Structures are given as structure tokens and as C-alpha cells.
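Here the protein sequences line up with chains W and R, keeping their order.
Just so we're aligned: the first sequence equals residues 0 to 228 in numbering that gives the first Met the number 0.
Just so we're aligned: the second sequence equals residues 0 to 302 in numbering that gives the first Met the number 0.
It is worth saying that the hints were derived from the structure and are not from the lab.
Quantities reported herein were computed from a predicted structural model and do not represent experimental measurements.
It is possible that part of the hints are untrue.
[As the list claims (entries may be wrong)] Incomplete in silico selection of chain R near chain W, CB under 8 Å:
| hint | residue |
| --- | --- |
| 1 | F4 |
| 2 | L216 |
| 3 | Y223 |
[Unchecked claim] Derived list of chain W stretches under chain R, where covered just means 3 residues or more per stretch with a C-beta under 8 Å from a C-beta of chain R:
| hint | stretch |
| --- | --- |
| 4 | 72–84 |
| 5 | 100–107 |
Ideal Cβ positions, reconstructed from N, Cα and C, are used throughout, including at glycine.
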Amino acid sequence: MINFDNVTKVYPNQNRPALENVNIEVAKGEFVFLVGPSGSGKSTFLRLVLKEERPTDGRIHVAGRDLARLTNWKVPYLRRRIGCVFQDFRLLPNKNVYQNVAFALEVIGKHRRFIRKVVPEVIDLVGLEGKQDRMPDELSGGEQQRVAMARAFVNRPMILLADEPTGNIDPATSIGIMKVLDRINRTGTTVVMATHDAAIVDSMRKRVIELEYGKVVRDQSRGVYGQAY
Amino acid sequence: MRSHFVLQEIWIGLRRNLTMTMALIVVVAISLSLLGTGLLFVKQVDRTRTFWQGKVEMSIYLCIKTSPQPQCQRGGPATEAEKAQLQHRLKLMPQVEKVYYVNQHQAYTEFRQYFANQPELVQDTHEGDIPDSFQVKLKNPQADYNVVASAVTGTTWVETVVDEMTILDKFYKLLDGARNAVVIIALILIVAAVLLVANTIRLSAFNRRRETAIMRLVGASNFYIQLPFLLEGTIAGLFGWAIAAGLLVAVKSLMLDSLGQYFSFNVGLSAGDLLEVIFFTMVVGVALCGATSFLTLRRYLRI
Numbered sequence: 000m001i002n003f004d005n006v007t008k009v010y011p012n013q014n015r016p017a018l019e020n021v022n023i024e025v026a027k028g029e030f031v032f033l034v035g036p037s038g039s040g041k042s043t044f045l046r047l048v049l050k051e052e053r054p055t056d057g058r059i060h061v062a063g064r065d066l067a068r069l070t071n072w073k074v075p076y077l078r079r080r081i082g083c084v085f086q087d088f089r090l091l092p093n094k095n096v097y098q099n100v101a102f103a104l105e106v107i108g109k110h111r112r113f114i115r116k117v118v119p120e121v122i123d124l125v126g127l128e129g130k131q132d133r134m135p136d137e138l139s140g141g142e143q144q145r146v147a148m149a150r151a152f153v154n155r156p157m158i159l160l161a162d163e164p165t166g167n168i169d170p171a172t173s174i175g176i177m178k179v180l181d182r183i184n185r186t187g188t189t190v191v192m193a194t195h196d197a198a199i200v201d202s203m204r205k206r207v208i209e210l211e212y213g214k215v216v217r218d219q220s221r222g223v224y225g226q227a228y
Numbered sequence: 000m001r002s003h004f005v006l007q008e009i010w011i012g013l014r015r016n017l018t019m020t021m022a023l024i025v026v027v028a029i030s031l032s033l034l035g036t037g038l039l040f041v042k043q044v045d046r047t048r049t050f051w052q053g054k055v056e057m058s059i060y061l062c063i064k065t066s067p068q069p070q071c072q073r074g075g076p077a078t079e080a081e082k083a084q085l086q087h088r089l090k091l092m093p094q095v096e097k098v099y100y101v102n103q104h105q106a107y108t109e110f111r112q113y114f115a116n117q118p119e120l121v122q123d124t125h126e127g128d129i130p131d132s133f134q135v136k137l138k139n140p141q142a143d144y145n146v147v148a149s150a151v152t153g154t155t156w157v158e159t160v161v162d163e164m165t166i167l168d169k170f171y172k173l174l175d176g177a178r179n180a181v182v183i184i185a186l187i188l189i190v191a192a193v194l195l196v197a198n199t200i201r202l203s204a205f206n207r208r209r210e211t212a213i214m215r216l217v218g219a220s221n222f223y224i225q226l227p228f229l230l231e232g233t234i235a236g237l238f239g240w241a242i243a244a245g246l247l248v249a250v251k252s253l254m255l256d257s258l259g260q261y262f263s264f265n266v267g268l269s270a271g272d273l274l275e276v277i278f279f280t281m282v283v284g285v286a287l288c289g290a291t292s293f294l295t296l297r298r299y300l301r302i
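Next comes chain R alone, as it looks inside the complex (with noise of 0.2 Å):
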């Protein structure tokens, strides 16, 4: 049968020069991990910027009796009516779009649930301990920040004001460097990748020239005679995306769900995410192992 003959001599080719295309199949293991890996980065980033996207970017917390600041201190803890002249001066200010007061049993429950894996941390707190504040949604949260918090800090029963876009900055920096750095290299392998594929393919049909062209005068159709050099390059892609994908399982759970730890909110990624990826660079492996080959062959083969 045709494809018995089409998957013999493919096996041929893979075999007698066996030592390149194990090199080829690290080389793309290795490019599409790193590109799995920035791709991981990426949507791990897009998912926390989502996540705190819909939240506010201000939060003004009020004194509370066990508050350490010295406005508090002098004046100890905000009244109900000094909290109503505050949210209503919020209210009336321009800037912001919407505020609204979190009570203390709410702010404790929230702790709790925001530290849930650091339960040594949620014992030692108790109801009363965390502040009560008011949540500012601003409508312009880099223009508008500054103005509201000045007008704000300096009132006697304001403990802090949070500039909430700011806890994450940091996250986000690090994510995006290590996206940044990883990427790069991943596109220099890939490059590396190419070039491989193509000698491996040559070096191949370097091999194979007798066959080939007693197939040429034989009469066999261009499609048969490329075909067992682009499924070696294909196949041998397809070994590496199996390694790189094996890779990306283990930077998810290794690297990006203990990073979930430090930062103590629930934004890790699904494994449907991490499905997508390795899918995406599956297909991204198999074209440029498959485009590769194919162009090679053009050159080499006069065909």
C-alpha cells in the first residue's frame, strides 16, 4: 500500500541521520517552551489586570481604635457623622465616579477571603482589627488620583489613603520583563529552529538523492517525492512540540502557581488557558517545522 511505502522511507530518513534530528527536536522543544512560557506570562498578566480592572483604584481607610498613625491617635476613631461629611464631600467632587463604604465586618470578611492560603495570618486578625474605608472608583485614575488624595490625606479621621493601582505595578513589571526576556529568546531559538529544520532537511535529501532521482525519471508525481522529506521534518516538530508541551505543564505549576502565592489573590490561570497555549504552539511548531521543510526542498530538489 502507498502509505506503507510513504512511512518506510520516512522512517529511513529519520534514522540515517538520526544524530540531526535529535538536535532538531531539542532545539524546537526548547524554542516552544520559552515561547509557551512568555505566552503563559502574557495571559497571566491580562488576567490580573482584568481581575482588577472592575476594583477601585482608591481606597481612603478610617481611623480605627488600634490605628498607629498620630492624626488617629489625637482624634481616635472616624464618628458616623465626621464618615457622612466625608462621603458626601467625595460624592460631590468631580473626579470621582463612584464611592462606596465598606464597614468593618465587610472589610474583615473580605481579608479573609483575599489571605485565604495564609491561614497563620487570618488567625492572628480578628473583626475590628482591619478598618473600615471607603472604596473610590475614579473616572480618570491616572489624572484624577492626586487631586483626590490631597484633598483627602490630612483629614484627622483619614488613617491612609491606598493608591491601589500600585500593588500591582510591581507584579506587573516583573511579569512583563520575564514576558520580555523569555520572548526574545524564544524568537532567537526559533531562528535557530528554522535553520536547523532546513539543514536537516538538505542533509536528507542529500542522502536520498539516488532515490530521488530514479523517482524523478520514473514518474513520480512532485507530491511523492516531497512528501516522506516533509513529514520527517514534520514529525520530528511534532516530537519536539510533545517536550515543550510537558515543559509548559510544569512552568504552570510550578513557577506561575506558586507566584500566585506571594501575591495572595486568586488569579492563576485554568488549565484551559494553558490548553490554548500549548496548542497554539503546536501549530505554530508544526507550520514552521512543515513551511520550512517544504521551502528547503524547493531549492534542493528542482523540482
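Same shape as in the complex, but just chain W (with noise of 0.2 Å):
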């Protein structure tokens, strides 16, 4: 689903490469947390699957396709096909719960009674029913990343990346987070997640790919946070 091929990434003013000769190779269905200290590489890569940015050197292949040869026009519809979820949220504080969500399906086109069908169901899945007409800031932190993480999965994208998205949630928490993220993983949606919180990691035993410096230093299936063996 997920393949880098010996990748490169420097940014313009900077020594050191952000990622240097990175081999990744991510199957559809898996789940991936990628570890490692700030500026490591973990935003840049989740930015280089997005074409957010581009690579300095090397190849990315999403899901089948040259992210080289995509033409900027197609980008649009190679980003509906990817679910994100941040750190900092990211929801639009004037609309509702419902209205967030269903803002991602408006902007691409979709029909009414296709958002009115399809949004109840996704704000269901994350444990938010009750909570459709709430805004943003009457919900708490736990529950403005489930809103934020229905809006990515509504689509109902191949892949779901999220970077750092239990960083502003306490642990008790982000254990409820991790368990939506199980969930939309069961349905098959390939899970790539960046994280610095040990102890989920070492809760869930999902493949671990290690970052340092820009360099792949540890690729591990049910692997956990610290270099424990």
C-alpha cells in the first residue's frame, strides 16, 4: 500500500537530511506506529505519503501509484483516498460535530442524502452518538480527536495516518482513541501512526518502525517503544 524506496528528503536551509535512504514497505491492512525522537522524520514522512511534499531523491509508491507521476491536478484524489488525524485536532470551531464531519464529504461533492445516510453512521463508530449538534469547544480534548478521526474515516479511506494524535490527551484517554484506531484498522483501513507515547505502543505489540536522524534504525513486528532487547 505504502512503499519508499530509497528516500530522501531535504529541506531547502537545512544540513541534515529530514529523511535519508529510507526503505519502507507497508502491506494494506497492517498497522505501523513509527517511533523515534522530534525531528526524526516521522511528519515528513506522513507529509511525503500525502504529497505534501516531495521527495529529494527516491521513490513513493501509494497504493499502486508513482507519487512522481501523479499530475497536480489528481493530488486532490489521491488525499480522498487517506484519512489524517493531528496533534492539534484541526476541526472548523463554527460548525458542529455533524457539520465537521460531514464538511469533508461536502467539499468533495457529495450529494445531501448521501452525508445524511453515511455521517450518523461514522459519529456512531466513534463513540460520539448524542453529541451530533455539540461544538468543538463544549467537547473535550478525547472527544474533539473522535470527531476529528470520523471525519477522516468517512470517506472510507484506504489508508489512515495520524501524527501524534493522543500528544494532547492523558493517557486514560487515549487508551478510548486507541480503540476507535483498532477499530477503523479492522475494517481494513492500512494504519500508519507516529507517535512518542511509549505506553501504547508497548500496550498494543503492532509492527514498530524505528526513526533516528532521518534513518531507519529498527523495523520490528509486534515490536515495542524503547530499544528494550
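Grab the two chains, each in its own frame, and use the hints to assemble them into the complex.
Set out below in C-alpha cells:
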């Protein structure tokens, strides 16, 4: 599903590459943790998958498509198949829960009948039934992140990218968030999650890819956060 | 439905920076009105010129009983023989293309036609008060006028030689001057309008940066993201144009038609001309606003 072939990314005005000769292959339906200290290249990896950035060297394939060959006006269609969740939630403050999730479908031109059917389903999936009319500032951090996940998932993407989704959330609520991610993964969605959260990584025992200074130093299925062994 | 969504976004955008939108509408209205007025002047001059194109350049008025000029007082009204001699002479001149004679009855009828909107004048004038004349069409009006005029002036039964071309010079100069002034101001204002559109769209895009960021993330097509802004600019431009159209109608009916009164010939612009100018300004207005919106978006929206 995601294929990084010797990818290097150097940002302009920087000496050290953000990613260096990275070779990663993520299969369909996998759940992958991307761990490493700040600046190790986790966010860069995610942005390259979305084609927010272009690699300085190497090839990237997403869902079988070579991103280098993808024209600018086709990029939106790629992004419709990828859902994104961020540490700062990124909800629209003057729309309620339903409208925030529906927004993702409205802007890609879906009909209102379709939206009215699908949005409540996914709101229930993330565990927010009954809260459709709440505004973001009436929700807790965990609930806001669930809205973000609902929005990311509502168009049934192939891949879900999560950039430190539990960064602003307390450990107890984080478990709830991870349960939702797990549920999403079980529907067949490939999940790649960049995180610092050692406890979560250790508890879920999924594939762990560790980055350090832009290089892959560990790639372990059923791994843990630190270099335990 | 998609159109509902787009319209909603446009309405929100227009409302959020209402003051800028209103400034935009006013500037577009004024600049398009001025541009349209300039065009109306151009059309007026064209029409007048065309009207007079086919007419003669020189009129040689013959002495009649009531002519006040000294040569007429001495010699009396022109006789048939004298008229025939003059006509023959004129026809022989190489510079003359055509000569034709307008008798007093015809002259009087024409006079009544030309001055139809000054009834008091017409009432006071009778047939026989208007001299008969030779209407001369020259092959090369600018060059030959003086030659023919000097050949004819001084003949005792010629009352006056009139250069028909100069009558309108003042009128043309007036209109040309007005047109130039108006067009220059219009162009300056159009530059201002373009800058205002750019600024308004920029402000709008900045106000909506959160929504736009999410739209890009979620995979909205570039067209869909740009569309509300483009339409915002264009709709504001159309409002401005509507105001301009109203002003142009006022300009035509108040200014130009009343000018016609002073010049007493019927070369006013038709409703069709007015519509043409209005339509043209609409095209200019919409194109300017649309193009500016589009280019501004490309610069500031990172699409």
C-alpha cells in the first residue's frame, strides 16, 4: 500500500536530511507505529505520503501509484483515499460535530442524501452518539479527537495517517482513542501512526518502525517503543 | 446539493468582509460608469462624423433681397444668369467633385427640419428669408477648400461662403476633450478596482484559511476550493456593474440628449448604442474581476 524506495528528503536551508535512504514497505491492512525522537522524520514521512512535500531523491508509491508521476490536479483525488488525524485536532470552530464531519464530504461534492446517511454512522463508530449538535469548544480533548477521526474515516479511505493523535490527551482517554483506531484498522484500513506515546506502543504490540535522525534504525513486527532487547 | 454548499460559502465570504466588498462595488461602479461614458462620447462623435461625412463641405449662399452684406446691397439679389454662370464655373474647377443647387423653397424646408426643436425660431422665419445656395462637395476637402473659396468670394452676387467643416470642429473638440478626460480617469479607477479586488480576495482567503486547509487535506479539487472566491469577486463586480448601468442610462438621457438640443441636428445615440456600451462594460467588469480573483488566488492559496 505504501512503498518508500530509497527516499531522501532534504528541506531547503537545512544541512541534515529529514529522511535519508529510507526503505519502508507497508502492506494493506497493516497497523504501523512510527516512533522516534522529535525531528527524526516522522512527520516528514507522513507529509510525503500525502504529497504535501516531494522527495529529494527516491521513489514513493501509494496504492500502487508512483507519486512522482501524479499530476498536480490529480493530487486531491489521492488525498480523498487518505484520512488524516493531527495532534491539534484541526476542527472548524464554528461548526458542530455533524457539520465538521459532513464538511469533508461536502467539499468533495457528495450529495446531501449520502451525507445524511453516512455521517451518523461514522459518528456512532467513534463513540459520539448523541453529540452531533455539540460545538467543538463544548467537547473534551478526547471527544474532539474522535470527531477528527470520524472526519478522517467518513469517506472510507484506504489509509489513515495519524500524527501524534494522543499528544494532547491524557493517558486514560488515549486508550479510548486507540480503541477507535483499532476498530478502524479492523475494517481493512491501513493505519500509520507517528507517536511518542511509549505506553500505547507497548500495549498494542503492532509493527514498530523506529526513526533516528532520518534513518530507519529498527523495523520490528509486534514491537515495543524502546530498544528493550 | 453541491450548489447549495457553494452558494452558502459565497454568502458567508461576502458577509464576513462586508465593508471591503462594498468598497469594491463602489469602485467598480464608478470606474465602469466612467469607462462607459467615455465610450458613449466616442460613439456620439462617430455618429456625428458619419452624419456629416456625406454632406457637403462648402456652401455658397447667394444674395437675396434681405441679405445685409455690402456686395448684396449694391448688386441686388442674384439673377438666374448669374447663378448659371457661377454653377458653370464651379463645375469646371478640378477640385470640385459635385455641385448642386438648393433653391429657396428647399432651403426653407431644410431649415425647418434642422431647427425642429426650436419652434419659436421656425415661427419667426418665412420662406424667402433663407437664401438659396450652391452645395459643393470637394474632392479633397482639407486641401481644396481655400482654393475654391477664394475663387468664389468677391463675386458680387455671393452672400457668404461657409466652411461647413468648421461648424462641427468645436463640437468634436468638446467631445474629444471630454472623452479623453473621462477615459483617463476611468483607467486610473480601473487600476484601483483591480487592486481592490485583489485585496478583497486576499482578505477573504485569509479569513477562510482554516476551512481551505482542511479542504486541501481532505481532497477537495482545486476548482472547488477556488470557486467560492472567484464567484465572490465576480458577484461583487456584477453589483458594481448594475449600478454603473443605471448611471450610464442617466448620462445618456441627461447629458448627451440635452447636448443635442444645443446643436440642433438629429444625431443622438439610440437605445441600441446604449445597450451595446452597457454590455461591453459588463464584459470588461466581469473579466477584470474574475481574472484578478483567479490570479490572486493562485498567488496566495498555494493551489
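May I ask which of the numbered hints given earlier this structure violates, with the numbers listed in increasing order? none
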